[in-house]
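Q: Use these hints to put chain A onto chain P, whose structure you have.
In the order they appear, the protein sequences are chains P and A.
For the first sequence, the working numbering gives the first residue as 1, with consecutive numbering after it.
For the second sequence, the working numbering gives the first residue as 1001, with consecutive numbering after it.
Watch out, some of these pointers could steer you wrong.
A few chain P residues that face chain A, going by a derived Cβ cut-off under 7 Å, partial list only [stated by the list, open to error]:
hint : residue
1    : G31
2    : Q51
3    : V69
Simulated coverage check for chain P against chain A, where a stretch passes if three residues somewhere in it have a Cβ under 8 Å from a Cβ of chain A [stated by the list, open to error]:
hint : stretch
4    : 3 to 16
5    : 23 to 30
6    : 42 to 48
7    : 56 to 64
8    : 80 to 91
Quick caveat, the hints were computed from the structure, so don't treat them as lab data.
We treat Cβ as the ideally placed atom computed from N, Cα and C, and that holds for glycine.
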Amino acid sequence: MRTRWFIILALAVAVGLASAVSPYASSSPDGLEKVAADQAFLERGALHAVQEESPAPDYAFPGVDDPRVATGLAGFVGTLMVFGLGYGIAAVTRGHRPRAA
Amino acid sequence: MHIPDGFVSNEVAVVCAVPAIGAVGYALRRAEVDLDDRRVPLLGVTAAFVFAAQMLNFPVAGGTSGHFLGAALAALLLGPWLACLVLAVVLAVQAFLFADGGITALGANVLNMGAIGGVVVGGLMLAVRKALPNTRTALLGAAAAGAWLAVMAGAAACAVELAVSGTVPLATVLPAMLGVHAVIAVGEAVITVAAVSAVLATRPDLIHGPVPEPAAPILAAS
Chain P
1 MRTRWFIILA LAVAVGLASA VSPYASSSPD GLEKVAADQA FLERGALHAV
51 QEESPAPDYA FPGVDDPRVA TGLAGFVGTL MVFGLGYGIA AVTRGHRPRA
101 A
Chain A
1001 MHIPDGFVSN EVAVVCAVPA IGAVGYALRR AEVDLDDRRV PLLGVTAAFV
1051 FAAQMLNFPV AGGTSGHFLG AALAALLLGP WLACLVLAVV LAVQAFLFAD
1101 GGITALGANV LNMGAIGGVV VGGLMLAVRK ALPNTRTALL GAAAAGAWLA
1151 VMAGAAACAV ELAVSGTVPL ATVLPAMLGV HAVIAVGEAV ITVAAVSAVL
1201 ATRPDLIHGP VPEPAAPILA AS
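The shape of chain P in the complex, shown without the other chains (with noise of 0.2 Å):
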């Protein structure tokens, strides 16, 4: 398989999970969550004043009243932008040196 079709693939596969399963992730607290739950530490975590103003707190697509719709939405922007991040930061430190004939 070239790398071209690989990427392709690989890169759908991810925005599919992330825009068509996670709707359907358990809600249940994670690992970390349930143990603040447990020992009472919960209440102490707090929203940075930066994450007030978070564009999808929670993973909720902003202006999306069905729940599963707006979760879908925010996996299917955010792993596009994560790609795109990822990419961006390999392709930029990998530009620095000439290319391999």
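A: Coordinates of chain A only, in the frame set by chain P:
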């Protein structure tokens, strides 16, 4: 195990941020050496997959859920340093866009999942792999063990940071964190082995380090 702000003290957050920044900084320099043309898009897609899979909380015992971490998988594809870079990218996007994991605590989260999970455990896993025969079984075994250990080491580091912060005594938080994550880490091992198997089936050359010898064809006895 994303630590939100408020769980760790500012002092602990700073002490954790120093090695986290150091590891990411070194990873960026290593990127010049480690990234060949194929691995530029591979880094992006690994980060995307880790982000996506981290959204998929699966239930574990007692009204608790766990999710994929991805440090061992990233190390198996990109090496330990770039695995740390991948986790840092994912954690930064999660913290700033989705308010998942703190901003002050971002250094602690990068330390626990990227530097300890990716660099330390990922590096150990790759070293063990070199000592093992270059077979598919050895690769998948190392992947499973590395995945399990990356989650456990991250959980232990998280517990220590909470204890040093004075949030909760180590004697209660360490066994609790390790107990719940011992189960989550099994899920991590299963997902990591499945993902590595998928890469082996399609593009085995994208595995970091030696490509396992293809298994000898089994001839049906007749």
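Q: Would you mind marking each hint as holding or not holding in the structure?
A: Hints, verified against the model:
With a least beta-carbon distance of about 4 Å to chain A, the hint placing G31 (chain P) at the interface is held under the 7 Å criterion. Interface hint at Q51 (chain P): satisfied, since its Cβ lies 4 Å from the closest Cβ of chain A, which is below the 7 Å cut-off. Here the hint on V69 (chain P) is broken, as its CB sits about 14 Å from the closest CB of chain A, past 7 Å. Figure legend: the stretch 3 to 16 of chain P, annotated as covered by chain A; annotation consistent (10 residues with Cβ-Cβ distances under 8 Å, at least 3 required).
A count of 6 residues in the stretch 23 to 30 of chain P with a Cβ less than 8 Å from any Cβ of chain A is obtained; the coverage claim is therefore met, three being the minimum. Counting residues of the stretch 42 to 48 of chain P whose beta-carbon sits less than 8 Å from any beta-carbon of chain A gives 5, enough to reach three: the coverage restraint holds. Taking a C-beta to C-beta cut-off of 8 Å, the stretch 56 to 64 of chain P contributes 4 residues in contact with chain A, enough for the three needed, and the coverage statement holds. Residues of the stretch 80 to 91 of chain P with a Cβ under 8 Å from some Cβ of chain A number 12, which satisfies the need for three, so the listed coverage holds.
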